[in-house]
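Enquirer: Just so you know, the UniProt record's numbering puts 3 at position 3 of the sequence shown, and the rest follows in order with no gaps.
Worth double-checking, as some hints may not be accurate.
As the list claims (entries may be wrong) - Keeping only pairs whose Cα atoms sit at most 25 Å apart, straight-line, the calculated BS3-like set for lysine-lysine is:
| id | residue 1 | residue 2 |
| --- | --- | --- |
| 1 | Lys333 | Lys63 |
| 2 | Lys246 | Lys63 |
| 3 | Lys59 | Lys235 |
| 4 | Lys26 | Lys356 |
| 5 | Lys246 | Lys256 |
Said to hold, decoys possible - Quick list of the computed label-pair ranges, beta carbon to beta carbon:
| id | residue 1 | residue 2 | range |
| --- | --- | --- | --- |
| 6 | Ile251 | Pro97 | 21 to 27 Å |
| 7 | Ala260 | Thr360 | 41 to 47 Å |
| 8 | Arg102 | Glu250 | 39 to 45 Å |
By construction, these hints were calculated from the structure, which means they are not laboratory data.
From the three backbone atoms N, C-alpha and C, an ideal C-beta is built for every residue, glycine too.
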Amino acid sequence: MKNSQYFLHDCCARNNAKMLSLTADKGLEGYGAYWVLLEYLREQSDYYMPLSLLPSLAKQLGKFTQWVEEIVCNYGLFVLTDDGRFTSQGLQQRMKPLENKRKARDAKAEKEALKLAAQQAGNGTPPTAGRRTRGASNPVRPVVAKPVDEADCFSETSEALPPTNETVQPTTHESVSPTEKTVPPTEKTMPEKPVNSNTNSSFSAAQKTETNEKNSAKNVENTPLQLADNERVAKASLEEDRIVEKRIEEIKRKEKEATASEKESSSSGSKSSSWEGWLNEALGEHSWLELQAIHSGLGGAFLPYLEVISKAFREHVLRQGTEVTICLLRDVKSYFSNFIRQGTVTYKRLRELIEKAAATNVYRFEQLVDGQRTYCGLPIPERAPPRPAVTSVWDERKHCWEY
């Protein structure tokens with residue numbers, strides 16, 4: 001958890017007016033997406049995020065890009081910049097104490113580094129420090145110097161070893177135990193000087209500062225490349241999402257059109273087939289048709305012109321839009337009986353249609369009895385032409401009609 005990053009979370013954030021508006025429109029999904037956006041902003045070095053990365057984030061959330069853009073732009077929860085980025089003003093305020101601590105720490109480290117550099121420039125040699133045991137009462141024992149290379153000039157505690165021609169002498173006034181081995185003096189000996197712990201800490205701070213500066217420089221160099229990669233990935237992802245959204249919309253549109261046309265055809269077909277089926281069934285009852293011929297007053301003209309009458313009845317039903325009222329056989333029989341009833345407007349119209357059809361019928365002066373053409377009760381030969389007039393008589397010898 002040493003490298004984890006945190007930010008303050010208000011426990012009453014859900015009661016904010018903007019958050020209430022968000023949850024009213026998007027539900028708890030929108031509330032969770034808001035905190036995911038804050039987490040992404042917290043991971044950025046300057047707490048800003050480009051809008052071009054929203055398609056990638058939307059894909060991770062399992063939502064459309066427009067859905068995430070509405071959260072960023074429509075509720076006043078984020079601040080948009082002119083360069084196509086957005087941030088959270090609340091997050092910026094909550095991160096100010098941490099940023100101030102970082103600045104103070106960096107300034108202190110830089111100051112210590114400058115101070116150490118000045119000391120090194122004045123002495124001409126790097127700082128040295130001998131190993132000391134814990135506690136001020138413990139004496140420091142003499143140490144025999146070892147030859148070292150330049151790479152080994154600093155130990156793990158960043159302390160320098162003395163030169164090979166020098167030995168470190170104890171600085172205490174207590175005598176050395178007789179059992180301890182002594183080192184014969186060399187050409188030059190010097191007493192060990194106590195090293196200030198502040199110097200070591202300053203030197204370590206300087207090293208850390210230098211390392212941080214190098215890492216920062218590397219990050220600065222890599223930032224344009226990373227941003228370029230992010231932009232490229234975001235554009236590709238956005239284009240892919242747009243294609244997918246278009247395909248989904250096209251599929252939904254086709255499904256709606258197919259469903260609507262299917263419903264329309266099925267409803268119209270079922271209505272048409274149902275009432276016309278009842279009509280065909282009624283017209284197939286010969287006894288009922290004979291009663292209707294007597295009831296209508298058309299007499300002998302009813303059955304010969306039944307096709308004309310039924311066609312006129314169908315057109316009347318469709319024109320009036322009353323096919324939905326015909327649900328049973330008795331409904332169509334009652335409707336048809338009223339349609340041909342004497343004295344009605346529809347009856348007068350039927351008489352006109354029958355007279356018009358009779359005027360154009362070449363067989364109007366004949367009668368059809370059991371499939372046999374007749375006139376005045378006499379059969380007409382099968383190959384005889386139509387009877388031309390009501391007074392015409394068939395001549396058996398001449399095989400023609402005579403007046």
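Enquirer: Taking each numbered hint in turn, which are not upheld by the structure, reported in ascending numerical order?
Expert: 1, 4, 6 and 8
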